[in-house]
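Peer 1: As a plain string of letters, each chain reads:
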Amino acid sequence: MSETAQIEINTALFEYCLKLGDNGLILGHRLSEWCGHGPILEEDIAMTNIALDLVGQARGFLTYAAEVEGKGRTEDDLAYLRDVMQFRNFILVEQPNGDFAHTMTRQYFFSLWAFLHFSQLVKSTDETLAGLAQKSLKEITYHLRHASEWMRRLGDGTKESNSRLQQAVNNLWIYTEELFVNSESEKMLTKENILPGNEQIKADWNERVSELMTECNITLPAGNIKMVTGINKGGHSEHLGHLLAEMQFLPRAYPNSQW
Amino acid sequence: MILSKQNIISLLESVNDPEVPVINIVELGVVRDVTIGDETFEVKITPTYSGCPAMKVIEDDIEQVLKANGYNNFTIKTIFAPVWTTDWMSEVTKQKLKDYGIAPPDKVSPIDHSPFLPLEKKILPCPFCDSKDTFLKSQFGSTACKALYFCNSCAQPFEHFKCI
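Chains as they are written, first to last, in my numbering: chain A, 9 to 267; chain B, 18 to 181.
Honestly, the hints are just simulated from the structure, not real lab data.
What you are looking at is a predicted structure, and each value in this text was computed from that prediction instead of being measured.
Wrong hints could be hidden among the right ones.
Quick list of in silico lysine to aspartate or glutamate cross-link-like pairs, EDC-like style, CA-CA up to 16 Å [to be verified]: (1) B:K154 to A:E157; (2) B:K154 to A:E16; (3) B:K138 to A:E157; (4) B:K154 to A:E50; (5) A:K199 to A:E16; (6) B:K139 to B:D116; (7) B:K154 to A:D52.
Here chain A stands alone, though its shape is the one from the complex:
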């Protein structure tokens, strides 16, 4: 491979690792906001456990991103010293927790994507990515099972729980298209068998979602809905800035501090 081609692949790989790392970091942070506020003790523990897994996964991907970039940055530099436009997470995962139905719907949409995506990524020709995917997959299996159970319970529960879940699905649905948008650089990585293509994953995701929605008496928004996407260009919703302001406060206010 020519040197230029290798540099191009490394740049693409860096961006892709940021996407996986940022998804875990931002969603993990969101879930950690539930700590001490869960509806019942078991759920408080569940959400913070999932947060811990996701932040752990993010560390793996961001460490690898820093290594691929080769500019001496660390996982912490990437997590704490980038601004909104440099984050590559899905707009879905930065959405505020809302009520429990919103948190579970966000978790279900994301975990199902992550489960299907990582199930393919384990076959990557990049050994580090394949290893991290294998590791993450075991944990995401639990996350997805947990969120699916709550979708069923809320959807098939009372009139109130059903209508709250319906509202959450209506509100978050417009962010789901983005899970399947690939940048040019990601398409290049797919050609190199480094990351899986999206088509099958998208088909499986849609099939699973519509099955579950039927099961839990929820109607997916119909018609020609304008889906929101900003990924690969650094576009985000207003919420990410507020989240970063809190998450990054300490390392920015006290650079190089140790605790």
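Given chain A's structure and the hints, the job is docking chain B onto it.
Peer 2: Frame of chain A, contents of chain B only:
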């Protein structure tokens, strides 16, 4: 002490898991390998769960034990592949968990790998009274590696070391 893989592993067997202190980090499968170089060596470890907070403590404990025994020239490296599995635990180790009051993992099955199969179908005996009349209360427990169960026979909650 002579620098040999066997000697280092023996020392590492004295380091217990900080959250489950009845088993050591070698039998838990966290220690993957020790590679001996010229007067230096590397300890390879792997996390049980990606975000397991005990990993930092384990690293510190390894460092402390090795230094206390006169070894100063070593590195500790975290690896992610092969990915950690509860199947690495021996029957002896699983018995130690049970004696400690934690229902040990059984062999990883297809249910454990699929989020689309109901986990409730798995029958888990109570570590206290061996009754099979138990149910899953939550897939998440006091640590990343454990789930929360309840025994209807002896009316005790108990933890289960999840099969992954």
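Peer 1: Could you tell me which of the numbered hints above are not met by this structure, giving the numbers in increasing order?
Peer 2: As far as the earlier hints go, 2 and 6 are violated by this structure, in ascending order.
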